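*Asks:* Chains as they are written, first to last, in UniProt numbering: chain V, 1 to 291; chain H, 1 to 346; chain P, 1 to 353.
Keep in mind the hints are simulated off the structure, nothing from the lab.
Fair warning: there could be bad hints in the mix.
Across the chosen pairs, the derived CB separations fall in these ranges [stated by the list, open to error]:
no. : chain 1 : residue 1 : chain 2 : residue 2 : range
1   : H       : Asp56     : V       : Thr48     : 39 to 45 angstroms
2   : V       : Pro25     : H       : Pro115    : 57 to 63 angstroms
3   : H       : Gln217    : P       : Gly17     : 40 to 46 angstroms
4   : V       : Pro212    : H       : Gln217    : 53 to 59 angstroms
5   : P       : Asn231    : V       : Ser104    : 37 to 43 angstroms
6   : P       : Asn167    : V       : Pro212    : 20 to 26 angstroms
7   : V       : Val280    : H       : Asp104    : 56 to 62 angstroms
8   : H       : Glu194    : V       : Arg43     : 40 to 46 angstroms
9   : H       : Gly159    : V       : Pro212    : 46 to 52 angstroms
10  : H       : Ser188    : V       : Thr68     : 20 to 26 angstroms
11  : V       : Leu112    : P       : Gly304    : 55 to 61 angstroms
12  : P       : Pro110    : V       : Ser81     : 41 to 47 angstroms
Which residues of chain V face chain P? A partial, calculated answer using Cβ under 8 angstroms [what the hints assert, rightly or not]:
no. : residue
13  : Met77
14  : Pro96
15  : Asp137
16  : Gly139
17  : Ile141
18  : Gln190
19  : Leu191
20  : Ala194
21  : Met197
22  : Ala200
23  : Ser201
24  : Arg204
25  : Ile209
26  : Ala273
Quantities reported herein were computed from a predicted structural model and do not represent experimental measurements.
For glycine and all other residues, C-beta sits at the position ideal for the given N, C-alpha and C.
So you can see what is in the structure, the chains are spelled out below.
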Amino acid sequence: MSATGAPAQQITGSNRFMLLILLVPGLLALMTTFLLPMIWLARASFSTSSMAAFGGGMTLEHYHAALTDPFYWKVAMNTLSLGVTVSFFAVILSYPIALFLTRSTSRWRGVLTALAVAPLLTSAVVRTYGWMVILGDRGVINGTLQALSLTTDPVRLSNNTFGATVALVEILMPYSILAMLAGFGRLNPQLEEAASMLGASKLRVFWRIILPLSLPGILTGALLVFVLAISAFVTPRLMGGGRVFVLGTEVFQEATVTLNWPLAAALSVVLLALFSSVIVIYQRALRRLEA
Amino acid sequence: MTKRLSLSLLALLAASGAAHAQDKTPLNVVGFSGVFAENYEKFIIAPFEAAHPDIDVIYQPSKNSAETLALLTLQRSDPTVDVALIDVSVAIKANGEGLFATLDEASVPNLADQPDWARIDGDKSIAFSQDNLTILYNTETVSEPPTSWTDLADPKYKGKIAAKLADTRGVILIPILNKIAGADYKDSIDPAIELMNQFAPNVSTWEPAPDCYAVVQSGEVDLSICWNGRSQYLHDTQGGIIGVSAPKEGSIGQTNTINLVEGSAHADAAKAFINYALSAEAQATFAEQSFYGPVNSKVELSPEIAERIYGSPEAQAAQMSLDWPWIATVYSEWIQRINREVIAFN
Amino acid sequence: MSEHHVVVDNLVKTYPGAATPSVDHVSFALPKGEMLALLGPSGCGKTTILRMIAGLIEPTSGAIQLNGREISQTPVHKRNMGMVFQAYALFPHMTVAGNVAFGLEMRGIPHSERGPKVQRALDMVKLGHLGDRRVTQLSGGQQQRCAIARSLVIEPELLLLDEPLSNLDAKLRDEMRDEIREIQSRTGVTAIFVTHDQDEALSMADRLAVMSAGKIEQIGTPREIFDAPANEFVAGFIGAGNFLSGRVTAPGEAEIEGLGPLRFEAPARIGSQVNLMVRPHRFKLAAPGPNAFTGQVDSLVYRGQILTLGISVGGKRLTADLHTHAGHLPAKGETVTLAVAPGDVTFLSEAAA
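Bound conformation, chain V alone (with noise of 0.2 angstroms):
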């Protein structure tokens, strides 16, 4: 090792300048997509003019619209509500599948696993259609529970809440079993023995070992559902019937139907900073988990 030290050095020191010519191409894409949108957002946020075009005045009337109004604040609030559903259920039901295709010593286990993320491969539009035709009024569940007598009148499945609840969960499930994938590194098959032969039964091998080290991997599927289901608009606006009022679907009403752009920016603004006190916090936690 000492011995190659040198000469390696020299290499990592010509490697870094290499590394940093083969990063600008991504560098600029990331400003161009990322960064500069992002700026333009936050300058469109303090616009005077309506079209929250540049140059113009700045004011924080539009801040002051959106965290004044204590509507904002309970569509935040429905969001935050919203996000941490989806996230639970999806977590909860991501992990034993996530847990089954880690563990899994079956040759099958690579096409299950794509399987398991294959809905990946159709958009999120489409699917939320399909679930409008098993949770509608006239869907699958609807039909068969009338079918079965067991209902007269249609129970209101969609269109709603639970509609898209549900909708974002499964939409979002792939997301979440990806995550915990990459996420369960540490799990170990030879840990497992190791707790048995120490008198550990199943359940408290789960508890003690396989629980606490999938944790990380349990965290970033739930983070990553939460913000994707918290910044998501298509499905709580078809699946909630437009009775669920989220930062998403206000941002697109603002956007596209009153035109308010500034506003629209600023309660952007605000989902990014709930976006990143969620992250922030996350972060701490897994610091925590595996300090």
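Starting from the structure of chain V, add chains H and P where the hints point.
*Replies:* Same frame as chain V, now just chains H and P:
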């Protein structure tokens, strides 16, 4: 493959070369998509081009007026669009940003035939057609079509109505309902909100997907509050499953405006086009073909066409128009009230 | 039967879809306090046996008794065995002390009693001062000690070690080898360990079982295995050897092709074909005579205490290990004579001609 490709490339070159050879003025028009675009190209643009062989009208359909507005805002220093067809409420917003040029009767003589309410913001935006808000019903499940806006509150339609009201539809419905309640929309809209809340419990979805027509066609709901033009078109083309019932209390049209983009490089050709689009001839043809209400006061509609656009003679007599610039000042507020006082509770 | 602490009887493991069993009717018994090494090349089934005893693999058939109890149906967590895994399998989310305390906790031992027991176990493996460390901060040797402490603190009835030294570097390996042996004899725990390393097996085990293709070829003390290998496989697997085959021409004498007559001390029928072996250290430098072979030294490896030389005789190569203090040491090219006493010739097998 390559041969065919190069052939078609050649054809393209030849076509553009030909256009240049004849020195045609290109005129870019951005407007609504779908059936509107089809009809507009066929019944307005084609006759105009026939009369003006030196002008080549290029129609670009846009998803919605908000998108058109975004495009115009982006291009304000160097517009590629010459004429924009957009919703009146969006047009007023655009005028606030100075995106459109003022027209005058000298270069657009047909302006003289437009009623005052249609000449918006000092002749910057001119209303050219109105698409009435109406009630759509499924002819297979609804034996007795509704005749009044108040029929929406009939308990038999519980969970059977689709109503997207958090946009211009709601903004138009408010003055209609206010009139039914005997109130003026400029005073207070509380009566309209109250009437909306009477039928709101019947509403299954406030966000019909994919749109307010398909949910009736598929039988998912019995009634839906939609635009007349497309409803009539679907009535004629979809085997009559969709029925249109214009309520007797009359309605208001979603008003479409034609606008000359400020800084257009082809302003003269644009004015000629706008003048033709506003002519009684063009508006009458478009009304007959697309069931959009004409604006030009010289247009005379046959009773059959008038009925398909406005409904019964009673409804025709009750047809209203709005003070759009005033509406523009309350547009967001009204939608907010519909969202917060009607939809959020139902 | 019950005098033995561990009894394995006709144990068989056939994996689904496999043509031949991985473990094929293996039986052995182990007295209390002894250490048995399962030795063999990879894939011979030694680890499978260990894991079946542990309860991590279900046997296809056969019985396993521990302390007189039949345990093959007992679930893993109730077998009360300690196991040291090849990669240690320490719980990464726990401290060193937490790992060691885990087994006690599972046994419901109160917190107040756990502390001293954990401390004693850590002291035993010289980790007493590192209890609060994360296991990921330990060196390889320390992890090994931690794993041993963890498996012994529960006072197991049987200690199982799966290739316990294979993850350590050479120097540490010798140290840990002695230490494991020392701890095992101090605690008196009965132990079975799996290895593919003959030195490890010979130096650590009270007894060793040499395995090949799912079967035990020979089981015995290191000395028995080394000096009296039951067959060619054992002889070849343990230590080096000069393998000589020939026809028995007289009682206790065989004619080795190319070498001439070789006397040995084993009954063999005249005329039969025998396989014999001479360990390199059994050869001595001598004057030509009976049971002596003369040839030119063509290879020479000096190993400190031992000089390994090779000579060619009649197209055969013989290897001899000579003690370097034994006076004259031959040089390359020198003609030497190697002699072996008939009692030092190992008889491996006999077949009718």
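*Asks:* Are any of the numbered hints broken by this structure? If so, which, sorted upward?
*Replies:* Per hint list: 3, 13, 14, 15, 16, 17 and 26 violated.
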